[in-house]
Amino acid sequence: MSSPHAAQILVASNRGPVSYTLREDGELDSRRGGGGLVSGLSAVGGDADSLWVCAALGEGDREAVRRGAGEDGVRMLDIDAEVHHAAYNDIANSVLWFVHHMLYQTPLEPVFDAAFRQQWAAYRTYNRAFADALAAEAAKGAVVLVQDYHLALVPGMLRELRPDLRIGHFSHTPWAPVDYFRLLPDDIGEELLRGILGADRAGFLTRRWADAFIGCCTEVLGGTGRTRIGVHGLGADAGFLRARSHEPDVERRMQELRGRIGGSGDRKTIVRVDRTELSKNIVRGLHAFRELLDTRPEWRGRLVHLALAYPSRQDLAVYRDYMDEVRRVADAINSRYGTDDWTPVVLYLKDDFARSLAAYRLADVALVNPIRDGMNLVAKEVPVVSDHGCALVLSREAGAHEELGPDAVTVNPYDVSGTAAALHEALTMPGPERAERTGRLAAAATALPPQRWFLDQLEALTASP
Numbered sequence: 002m003s004s005p006h007a008a009q010i011l012v013a014s015n016r017g018p019v020s021y022t023l024r025e026d027g028e029l030d031s032r033r034g035g036g037g038l039v040s041g042l043s044a045v046g047g048d049a050d051s052l053w054v055c056a057a058l059g060e061g062d063r064e065a066v067r068r069g070a071g072e073d074g075v076r077m078l079d080i081d082a083e084v085h086h087a088a089y090n091d092i093a094n095s096v097l098w099f100v101h102h103m104l105y106q107t108p109l110e111p112v113f114d115a116a117f118r119q120q121w122a123a124y125r126t127y128n129r130a131f132a133d134a135l136a137a138e139a140a141k142g143a144v145v146l147v148q149d150y151h152l153a154l155v156p157g158m159l160r161e162l163r164p165d166l167r168i169g170h171f172s173h174t175p176w177a178p179v180d181y182f183r184l185l186p187d188d189i190g191e192e193l194l195r196g197i198l199g200a201d202r203a204g205f206l207t208r209r210w211a212d213a214f215i216g217c218c219t220e221v222l223g224g225t226g227r228t229r230i231g232v233h234g235l236g237a238d239a240g241f242l243r244a245r246s247h248e249p250d251v252e253r254r255m256q257e258l259r260g261r262i263g264g265s266g267d268r269k270t271i272v273r274v275d276r277t278e279l280s281k282n283i284v285r286g287l288h289a290f291r292e293l294l295d296t297r298p299e300w301r302g303r304l305v306h307l308a309l310a311y312p313s314r315q316d317l318a319v320y321r322d323y324m325d326e327v328r329r330v331a332d333a334i335n336s337r338y339g340t341d342d343w344t345p346v347v348l349y350l351k352d353d354f355a356r357s358l359a360a361y362r363l364a365d366v367a368l369v370n371p372i373r374d375g376m377n378l379v380a381k382e383v384p385v386v387s388d389h390g391c392a393l394v395l396s397r398e399a400g401a402h403e404e405l406g407p408d409a410v411t412v413n414p415y416d417v418s419g420t421a422a423a424l425h426e427a428l429t430m431p432g433p434e435r436a437e438r439t440g441r442l443a444a445a446a447t448a449l450p451p452q453r454w455f456l457d458q459l460e461a462l463t464a465s466p
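Numbers in our numbering are just positions in the sequence shown, counted from 1, shifted up by 1.
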């Protein structure tokens, strides 16, 4: 049964558009988030009867729920903290993320034992909480857009509760090829697929990921049933990025970065901006930079690698270890090659969006070399805000390569020597060619900006099959 104030358009995601922190004086501070979904949902207009269902992620969020302090248009679910931890950390981020990004060291992992089954039960409970809330809040015939691998079971559960709804699911990650997907226990893999196939429409960022999903469904279940499959390649928000990148705080960060780069203004820069996420391949990128300095000594003293590697999932030991390795390799390069007036790797480990935009504007080369990535918006954002044109070294395993590949310098993310050679090629690219490529990259990168991306999914879901 739907609520008396039922919504016509609902979005469900683990993280919502607002978060709360509890101050020492007991008051709550709220902070609005960004990203494609936030700006996308705004595209439906203020008159639309919409609701965002999300999880309370911290004590501030939980306190806001207890006080009834949430804002209009958002329903935050205070799910048991242990259930959330098991669902989010143990399953979503330590199993599903690893499967879709093909991150396991298979001689040792994964191990699907009794503890895993308990964690999976929590993941199921977590998804059930969302399905129940959506069923209660949705108007008759409403449209529900369920987001990502955290909530893969929700469409199937919701379909049983509310067969009248138009349900969509969108995967923001890659989808594993069938042989890798079948690392999962057979019943778990089948449950995941059937969960998503509860939707009327399943969306993906690229054709490649959509085809991989279809391949899994065909191999495991015999097909995708009545579920339609769609592709929507999220693009960069050009207007926002260009305006934001010329704000005073970004100009200040540019001056700071120029100071760290040093020299007389003639040093070139290789820029990367990433979370220290295992799939982002930061360590191999640093090894490639070191090999470039080894094999091309003419770049010593003339080139700086700005590496903005921001914290990610630091509550998981493997991520803390990875950040330590990033720091260790950067320090080793600086110890080996650095001089009194030249620091080869300038490493930042604290998140700072203004600094990221400043780095984009200064970049001669952007290095985006993930092992696997659903899309990678950095690859799309850099060409949009670059001051003087930027060559893009791009992994063929990034979803963005499907759109940007023709004007990027493509690399195999595992090939350190090949990446070093690609960096040299990008650094020596003639100025006119670099400018032309940057223009084409920016056009491709902004073809489907967030609001259009969201509306396209909405329109596709509500259209007659």
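Since the hints were derived computationally from the structure, they do not count as laboratory data.
Among the hints, a few may not be true.
[Said to hold, decoys possible] Here are the simulated lysine to any residue pairs, SDA-like style, with alpha carbons at most 25 Å apart:
| # | residue 1 | residue 2 |
| --- | --- | --- |
| 1 | Lys269 | Ala436 |
| 2 | Lys351 | Lys141 |
| 3 | Lys351 | Glu60 |
| 4 | Lys269 | Thr296 |
| 5 | Lys351 | Arg329 |
| 6 | Lys141 | Leu462 |
| 7 | Lys141 | Arg118 |
| 8 | Lys351 | Asp316 |
| 9 | Lys141 | Ala116 |
| 10 | Lys269 | Asp316 |
| 11 | Lys351 | Ile372 |
[Claimed, not checked] Pair ranges (Cβ atoms, derived):
| # | residue 1 | residue 2 | range |
| --- | --- | --- | --- |
| 12 | Gly263 | Asn413 | 29 to 35 Å |
| 13 | Asp457 | Asp212 | 41 to 47 Å |
| 14 | Arg301 | Phe113 | 44 to 50 Å |
| 15 | Asp180 | Asn413 | 52 to 58 Å |
| 16 | Gly266 | Ala464 | 37 to 43 Å |
| 17 | Asp267 | Pro186 | 38 to 44 Å |
| 18 | Arg321 | Ala122 | 43 to 49 Å |
Even for Gly, the Cβ is constructed at its ideal location relative to N, Cα and C.
Going through the hints against the structure:
Straight-line distance between C-alpha atoms of Lys269 and Ala436 comes to about 16 Å, which keeps the hinted pair within the 25 Å bound. A C-alpha spacing of about 46 Å is found between Lys351 and Lys141, which places the hinted pair above 25 Å, so the restraint is violated. Our distance criterion of 25 Å between C-alpha atoms is met by Lys351 and Glu60, whose separation comes to about 22 Å. Proposed proximity of Lys269 and Thr296 is supported: the alpha carbons are some 17 Å apart, at most 25 Å.
This hinted pair checks out: Lys351 and Arg329 have alpha carbons roughly 16 Å apart, not beyond 25 Å. With a C-alpha separation of about 15 Å, the suggested pairing of Lys141 with Leu462 holds against the 25 Å cut-off. Of the pairs offered as hints, the one joining Lys141 and Arg118 is violated, with about 35 Å between alpha carbons and a cut-off of 25 Å exceeded. The suggested pairing of Lys351 with Asp316 holds, with an alpha-carbon distance near 16 Å, which does not exceed 25 Å.
Proximity of Lys141 to Ala116 is assessed by CA-CA distance (about 40 Å); at most 25 Å being required, the pair is judged violated. Straight-line distance between C-alpha atoms of Lys269 and Asp316 comes to about 36 Å, which puts the hinted pair past the 25 Å bound. Between Lys351 and Ile372 the alpha-carbon distance is near 23 Å, which keeps this suggested pair within the 25 Å criterion. Between Gly263 and Asn413 the beta carbons are some 32 Å apart, a value that agrees with the proposed interval 29 to 35 Å.
A beta carbon spacing of about 19 Å between Asp457 and Asp212 contradicts the range 41 to 47 Å that was offered as a hint. A beta carbon spacing of about 49 Å between Arg301 and Phe113 agrees with the range 44 to 50 Å that was offered as a hint. In this structure, Asp180 and Asn413 break the distance hint of 52 to 58 Å, their C-beta atoms being roughly 20 Å apart. As the Cβ distance of Gly266 to Ala464 is approximately 54 Å, the hint placing it in 37 to 43 Å is violated.
Judged by the Cβ atoms, the range 38 to 44 Å given for Asp267 and Pro186 is violated: they are separated by roughly 58 Å. The given range of 43 to 49 Å is broken by Arg321 and Ala122, whose C-beta atoms sit roughly 27 Å from each other.
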